[in-house]
Structure formats: C-alpha cells, structure tokens
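Engineer: Chains as they are written, first to last, in my numbering: chain A, 1 to 127; chain B, 128 to 265; chain C, 266 to 376.
By construction, these hints were calculated from the structure, which means they are not laboratory data.
Treat the hints with caution; some may be incorrect.
[As the list claims (entries may be wrong)] Here are some chain B residues pointing at chain C (derived, C-beta under 8 Å): (1) A159; (2) A160; (3) I165; (4) M180; (5) K181; (6) Q183; (7) R232; (8) L260; (9) T264.
We treat Cβ as the ideally placed atom computed from N, Cα and C, and that holds for glycine.
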Amino acid sequence: MAGILSVVERAYHGTIEEQDDTILWVSHMLKNAGADLSILLRSNAVNYAVRGQDASGLNIGGVDLSVPPRIDDDVIALTNTGAPVYVVAEDLADRGISAGDLCDGVQTVARADLAKLFDEHDAIWHW
Amino acid sequence: MTTSGDKTITIALMDPPYESGTTTTALRIVDAALRKGINVNVFAYEGAVNMTMKGQAAHPNPVKGTSIEEQDHPSSSRFIAGLFELAGDGPKLDWVNCGLCVDERGAGDWIEGPRRGGPGDLFKMSQESTNTLIIGTR
Amino acid sequence: MADYLLVESRDPFEYADTSYFYQMAEDLCKAGNNVTFFLVQNGVLMARKGISNDAVARLRSAAPAVKILADDFSLRERAISADKLADGVTSAGVDALVDLLAEPGVKAVWH
Numbered sequence: 001m002a003g004i005l006s007v008v009e010r011a012y013h014g015t016i017e018e019q020d021d022t023i024l025w026v027s028h029m030l031k032n033a034g035a036d037l038s039i040l041l042r043s044n045a046v047n048y049a050v051r052g053q054d055a056s057g058l059n060i061g062g063v064d065l066s067v068p069p070r071i072d073d074d075v076i077a078l079t080n081t082g083a084p085v086y087v088v089a090e091d092l093a094d095r096g097i098s099a100g101d102l103c104d105g106v107q108t109v110a111r112a113d114l115a116k117l118f119d120e121h122d123a124i125w126h127w
Numbered sequence: 128m129t130t131s132g133d134k135t136i137t138i139a140l141m142d143p144p145y146e147s148g149t150t151t152t153a154l155r156i157v158d159a160a161l162r163k164g165i166n167v168n169v170f171a172y173e174g175a176v177n178m179t180m181k182g183q184a185a186h187p188n189p190v191k192g193t194s195i196e197e198q199d200h201p202s203s204s205r206f207i208a209g210l211f212e213l214a215g216d217g218p219k220l221d222w223v224n225c226g227l228c229v230d231e232r233g234a235g236d237w238i239e240g241p242r243r244g245g246p247g248d249l250f251k252m253s254q255e256s257t258n259t260l261i262i263g264t265r
Numbered sequence: 266m267a268d269y270l271l272v273e274s275r276d277p278f279e280y281a282d283t284s285y286f287y288q289m290a291e292d293l294c295k296a297g298n299n300v301t302f303f304l305v306q307n308g309v310l311m312a313r314k315g316i317s318n319d320a321v322a323r324l325r326s327a328a329p330a331v332k333i334l335a336d337d338f339s340l341r342e343r344a345i346s347a348d349k350l351a352d353g354v355t356s357a358g359v360d361a362l363v364d365l366l367a368e369p370g371v372k373a374v375w376h
C-alpha cells in the first residue's frame, strides 16, 4: 500500500505571486522530507500537466517578475523525485487537452478508477 | 508622464494577496492604466488591505534550492510601491485601505502611498470616475 | 442601448454559476446592447478548442454580435496557443481591457 495521495484541484490561484502552485510545492517538500507520496491532478489542476505554460514577461510598476512560475517544469520535477503524478483523463478531455499536450512522466487515470487509486493509498490529502 | 485627459478608473478589490489570480490581474490593470495616463483609484476592502503591508518579505525556495536573491520574490507591496513610483507626478494613483478592515487584521503598517478610508471614499471616487470596476472575492 | 464590458474570470468547472454570466451576455446583446465579453484568468479555460460543454460556442451561436476577447497573458499562462484558440475568440491584451474601462458610459461588470 502506498502512503499519501495528495489531491490537487484548484489551479492558478496566486501562482504568479507565489511563483509556483502552493500545493505542488508543499507536495514536493513533503516528498523531500521522506513522504511516500503520489499526486493526483484533477479538475482545473490537470492543466498543470500541459507542456508550454508561459507566465513570463510580467512587469508591474516597473518591477519585473524575473522568476515566473514554470508549473509544467514543477510537475516534471515531481515525477523526477519518483512520486507518481496522475491526471484524470476525463478532466483533460473536458478541457480540450489531449495526451500529446502533456508533460512526459505523468500518468492518466480514468474517473472510474479513482476509487481504486484512493484505496491503494493509506491517506488522502485532498487540498 | 502625461495624463489622458480627465479619465479616471476606480477599482474595488477584496482578495488577499497570494490567494487568487485576481490580485495579479488587478495590478496589471492599474499598471496599464497609469501607463496610458489614466488616473486610478483603488479601494482595498477586507483581505485586500493586506496587499500593501510593509513587512512582506521575500524568501528562498527550498524546492528549487534558490536563494532569496535568485528567487527574487516580488511581494504585492513591492509591486504596489512600483505603481506609486510609476504614477509619479503624472496620473494620480489614490489607494484607499478600508480602515476597519485594516484594524481587524492588524494590517496598519503599510508602505508609503496608500491612505486610510472607508466605503464613503469608494462612493466618492466612483462619482468622480469614468468607470468603476468592482472585483469581489470568492 | 448601452455598452457593456463583462469580465469573466471564472470557469464552469470550478464555479457552477458561470452560466448566469454567459446568459447575461446573451440577454444584454439580444436586448440591443453592445456587449464585450472578456475572458481572463481561469475564464480563458473556455477558450480552448475542443472543450466539452462549450459555453463560448453556445454564446456565439445565440448572440453572434457579442465580442469575445481572451486575455493574452492568461492564455499563455495556461499554454493555450493561437492554434488552440476556439473560433470566435480573439486574444487581447490588458490594454484593450483598460481602453474599454476608460470609455465613458461603458458599464463594466466583473464576475
């Protein structure tokens, strides 16, 4: 049985100011702290797995956002830790996102299989 | 910077910083308006009064291993200070923090520029504006 | 007849009541008003080709005179490139939004 399933669904709320997504970030921190962790991207957060997100170029009041969020890279970084990153297939389809749009390393999961995924983990941290 | 006639936009904000995409959009609107020489009024209500707090501090990013300097984390107050600088002697930026909202949050220590006020200021500003955009919170 | 600027920052996946705002755009247009419907933030998730429950397409069909714009930064932030932009949606900068806001008489509504 795997450890924690970290469920991410809210997306692009404060990501510019934070320079990342806070739940992807805390998931990565938990993984670094030794957690046995998987990540499930559902609802709007499936867009986090799309390649080519670009939030560069912002300047407000002469202040550059010199380090913009690179959320697709953050998803890839999570997969590189060995943490499985799942995205819900139907949530992708609802948003017009095809498999070819996704970052390497993420795994699609059908809605019908989510209960099984929950059941495979000791705890569900639904942020 | 020259002003664009007598045009003025008033924006009411409610979202606290770091929680919503709306904060960034609102600041982009203020920036674009000032650059066009349009006067801007902002009424910061409820959580939005935290946007101008002076004590906001940058931090490193331990996930990426970046230092404070490398991460160059721009706080909302830093952006807003930049907007006041951008306005300079040109178009007017009038930023009003709702005083009661400030008090209940202990958010009174803010950067140079904003002033304390209340809903009456929002009404007065709207009466003197070309347009008013109310941006609520969810 | 009035000029309306409706700014839709939300999407129907996260907020069930966005249909109210799309309907408002349709109704205001059918009542003879000039309506600009400006998608921003997660509102632009509706501007990607191939989505299900396509509210933008329904609005275009019901009220073709509504001008539908989508914030260019929000699109780029979500990797919605020009080739993925839905028919009838035009990418626009925040300058366009400000120009409309600075137009006397425009009724601006944020949702």
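Engineer: Decide, hint by hint, whether the structure agrees.
Structural biologist: Taking the hints in turn, this is what the structure says about them:
no. : hint : in the structure
1   : A159 : holds (4 Å)
2   : A160 : holds (5 Å)
3   : I165 : holds (5 Å)
4   : M180 : violated (24 Å)
5   : K181 : violated (27 Å)
6   : Q183 : violated (22 Å)
7   : R232 : violated (23 Å)
8   : L260 : holds (5 Å)
9   : T264 : violated (11 Å)
Against the hints set out earlier in the document, violations occur for numbers 4, 5, 6, 7 and 9.
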